[in-house]
Amino acid sequence: MAHASLHLCGLGICLLAALGASRGALPGEPFPFPAQSVRPYSLSINREDYHYAPKPRHLRPSRLIRLLGAAFEPFWMSVERPAGAGVWLTEEAAARSAARRDAGRPTKLTVQKVPGGEASAALLANFTTITRGFNISASPELVEGAARYRRKLEKEAEDLDLSSLPGDVAGAVREWLVRSATCGLRYRWMDLGPVFWPRWLRHTDCYRAGGEETCSFPSGMACRRAQVTHLKILAWHCWGSEENGVRRGADKVTPTVRMGALSKNCVWRQVPYPVVTACKCSCK
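Per the UniProt record's numbering, the sequence shown starts with residue 1, numbered consecutively.
Don't take each hint at face value.
Within a straight-line C-alpha distance of at most 25 angstroms, the following computed SDA-like cross-link-like pairs (lysine to any residue) qualify [said to hold, decoys possible]:
#, residue 1, residue 2
1, Lys152, Glu213
2, Lys232, Ala85
3, Lys232, Glu213
4, Lys55, Lys155
5, Lys152, Pro274
6, Lys152, Lys232
7, Lys232, Pro272
8, Lys232, Met190
9, Lys55, Gly193
10, Lys155, Gly167
11, Lys155, Leu165
Label-pair restraints from in silico Cβ distances [claimed, not checked]:
#, residue 1, residue 2, range
12, Val143, Ser263, 46 to 56 angstroms
13, Gly240, Pro56, 22 to 32 angstroms
14, Lys55, Ala85, 18 to 28 angstroms
15, Ala70, Arg150, 23 to 33 angstroms
16, Gly193, Arg66, 18 to 28 angstroms
17, Ser164, Ala71, 21 to 31 angstroms
FYI, nobody ran anything at the bench for these hints, they're computed from the structure. Using N, Cα and C, we set each Cβ at its ideal position, and we do this for glycine too.
Starting from the given sequences, assemble the full structure and let the hints guide the process.
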């Protein structure tokens with residue numbers, strides 16, 4: 001049988017499939033994640049870069065919840081240390097871990113409530129973090145991103161001229177092309193330190209969902225970030241001041257932190273924090 005090359009290019013995705021060439025089934029387990037990170041984050045989480053940390057009185061959950069308001073997103077944020085923090089997990093691995101954890105007991109969600117007895121139970125109930133699994137359907141940004149790039153892949157595969165192949169073979173080729181170029185997300189919970197609130201955020205990154213490091217055939221392309229969205233978190237911001245005591249504004253109190261002869265005004269401010277919400281198969 002003569003070998004024909006199909007070239008699927010567009011939107012940063014290129015695949016070459018040599019029809020008639022032998023190729024084994026893809027392994028079921030995900031490949032070891034590459035050491036090089038594709039993090040888009042720009043905020044430093046090195047504690048040495050921040051000389052003024054908030055004191056316990058500045059960390060009252062009820063006040064911080066009011067400051068962050070509707071920007072608090074339980075899927076992405078946690079006030080307390082989540083289970084498995086610091087470990088990279090994929091959606092599949094998280095689901096397997098949850099299944100093992102739930103074996104022999106009723107299925108239920110584990111939630112972490114924001115501490116702080118001064119806040120009402122009704123208020124705190126709205127600021128819980130679901131820690132079981134990694135279900136992208138819990139995040140509209142991830143659902144929308146995955147669906148968009150899936151549609152693009154399917155359209156590019158459908159536009160290929162495979163009229164020389166039997167219908168069932170052409171369909172199988174298109175499915176294989178889409179499956180080979182589909183990229184997934186992995187995540188781990190990261191501790192941002194005491195100058196950010198919530199201090200635990202879910203970091204997402206790209207990985208090859210099909211089980212191989214490359215997402216093209218022949219190899220050479222990799223899963224890379226294609227879409228980033230910005231969350232809002234609180235950062236403890238300090239600046240110099242010649243005034244002592246407490247400066248009162250129209251709607252807030254700015255505490256003055258005394259450091260020897262130097263006074264610092266400090267306040268919680270909302271800052272943008274980027275997270276990866278979609279990945280695609282592309283060149284460097």
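Right, here's what the structure says about each hint:
Distance restraint check for Lys152 and Glu213: the Cα-Cα separation of roughly 21 angstroms lies within the 25 angstroms cut-off, and the hinted pair is therefore satisfied. Between Lys232 and Ala85 the CA atoms are separated by roughly 21 angstroms; this keeps the pair inside 25 angstroms, and the hint holds. Taken as a hint, the Lys232 and Glu213 pair is broken in the structure, with Cα atoms around 32 angstroms apart against an allowance of 25 angstroms. Distance hint between Lys55 and Lys155 is unfulfilled; the C-alpha atoms sit about 55 angstroms from each other, more than 25 angstroms.
Simply put, Lys152 and Pro274 have alpha-carbon atoms about 24 angstroms apart, close enough for the 25 angstroms limit, and the pair holds. Annotation: proposed proximity of Lys152 to Lys232 is violated, straight-line Cα distance about 29 angstroms (limit 25 angstroms). Taking the CA atoms of Lys232 and Pro272, the gap is near 5 angstroms; set against the 25 angstroms cutoff, the hint holds. Straight-line distance between C-alpha atoms of Lys232 and Met190 comes to about 16 angstroms, which keeps the hinted pair within the 25 angstroms bound.
Of the pairs offered as hints, the one joining Lys55 and Gly193 holds, with about 13 angstroms between alpha carbons and a cut-off of 25 angstroms not exceeded. Using a Cα cut-off of 25 angstroms, the hinted pair Lys155 and Gly167 holds, with the two alpha carbons roughly 17 angstroms apart. Taking the CA atoms of Lys155 and Leu165, the gap is about 18 angstroms. The hint holds against a cut of 25 angstroms. Distance hint for Val143 and Ser263: a CB-CB separation of about 48 angstroms, consistent with the stated range 46 to 56 angstroms.
Restraint check, Gly240 to Pro56: a C-beta distance of roughly 24 angstroms satisfies the suggested window 22 to 32 angstroms. Checked against the hint of 18 to 28 angstroms, the C-beta distance between Lys55 and Ala85 comes to roughly 24 angstroms, which is consistent with it. At roughly 29 angstroms, the beta carbons of Ala70 and Arg150 sit within the given window of 23 to 33 angstroms. Roughly 22 angstroms separates the CB atoms of Gly193 and Arg66, a value that falls within the hinted 18 to 28 angstroms.
Restraint check, Ser164 to Ala71: a C-beta distance of roughly 54 angstroms breaks the suggested window 21 to 31 angstroms.
The structure does not agree with the numbered hints 3, 4, 6, 17 stated previously, though it agrees with the rest.
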